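*Asks:* Take a look at the letters that make up each chain.
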Amino acid sequence: LAKTTQPISMDSYEGQEVNITCSHNNIATNDYITWYQQFPSQGPRFIIQGYKTKVTNEVASLFIPADRKSSTLSLPRVSLSDTAVYYCLVGVRGSTLGRLYFGRGTQLTVWP
Amino acid sequence: EPEVTQTPSHQVTQMGQEVILRCVPISNHLYFYWYRQILGQKVEFLVSFYNNEISEKSEIFDDQFSVERPDGSNFTLKIRSTKLEDSAMYFCASRTRREHLSDTQYFGPGTRLTVL
Numbered sequence: 114l115a116k117t118t119q120p121i122s123m124d125s126y127e128g129q130e131v132n133i134t135c136s137h138n139n140i141a142t143n144d145y146i147t148w149y150q151q152f153p154s155q156g157p158r159f160i161i162q163g164y165k166t167k168v169t170n171e172v173a174s175l176f177i178p179a180d181r182k183s184s185t186l187s188l189p190r191v192s193l194s195d196t197a198v199y200y201c202l203v204g205v206r207g208s209t210l211g212r213l214y215f216g217r218g219t220q221l222t223v224w225p
Numbered sequence: 497e498p499e500v501t502q503t504p505s506h507q508v509t510q511m512g513q514e515v516i517l518r519c520v521p522i523s524n525h526l527y528f529y530w531y532r533q534i535l536g537q538k539v540e541f542l543v544s545f546y547n548n549e550i551s552e553k554s555e556i557f558d559d560q561f562s563v564e565r566p567d568g569s570n571f572t573l574k575i576r577s578t579k580l581e582d583s584a585m586y587f588c589a590s591r592t593r594r595e596h597l598s599d600t601q602y603f604g605p606g607t608r609l610t611v612l
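Protein chains in written order, with the numbering used here: chain R, 114 to 225; chain P, 497 to 612.
Because the hints were derived from the structure by calculation, they are not lab data. Warning: the hint list may mix true and false statements.
Once the Cα atoms are required to be at most 30 Å apart in a straight line, the calculated DSSO-like pairs of lysine-lysine come out as [to be verified]: (1) P:K553 - R:K182; (2) R:K182 - R:K116; (3) R:K167 - P:K538.
It should be emphasised that the depicted structure is a prediction, and the values quoted were computed from it without experimental measurement.
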């Protein structure tokens, strides 16, 4: 299972773009990269998933370089409500087992 | 948007008592999971459930734990004899079986279990 490394914490101000980078040097060929968001005392919420290059949805963008050994979650124009823990997960898409492995994540704090 | 629901939101119990945590997964999902998160710690996998049987369980999921899907909508986690260290947030999650689509797991809001 590919281990992930991401910063423990990040600070930003409202309106700024935030980029959180995750390292996953041992990612396997079949692995996808998934990001979740968690607010205090709530369940993790899926944000975005990708395999290579760039994926964008209404919430965020995910940039994955060609070697796939890292990925960057980009949150455009953050607001106070984006203050949360962000988790980078690497696992096999469609795995019949399906268990998710959460690290400690990155605590993003957005200031006014 | 469909969502996973869990009840109760907060459960307080005495050590040694049995508790049942309830979850209603998203209706067309076929894989079900329980995770827990001790305060300040990581989200940890407990068990996965498919086709009315456990498909995988972690080392945390010992004989004190059991899961059941008693009907077509509910998915329960039972802890037979609670310990102080069982105090945590317990999250239920579900996902669709269709592997050609995203295997995203959708989490419920959690049940906070406090063992006194």
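*Asks:* Give a verdict on every hint.
*Replies:* How the hints compare with the structure:
1. P:K553 - R:K182: Since the Cα atoms of K553 (chain P) and K182 (chain R) sit roughly 29 Å apart, the hinted pair holds (cutoff 30 Å).
2. R:K182 - R:K116: holds (11 Å)
3. R:K167 - P:K538: holds (28 Å)
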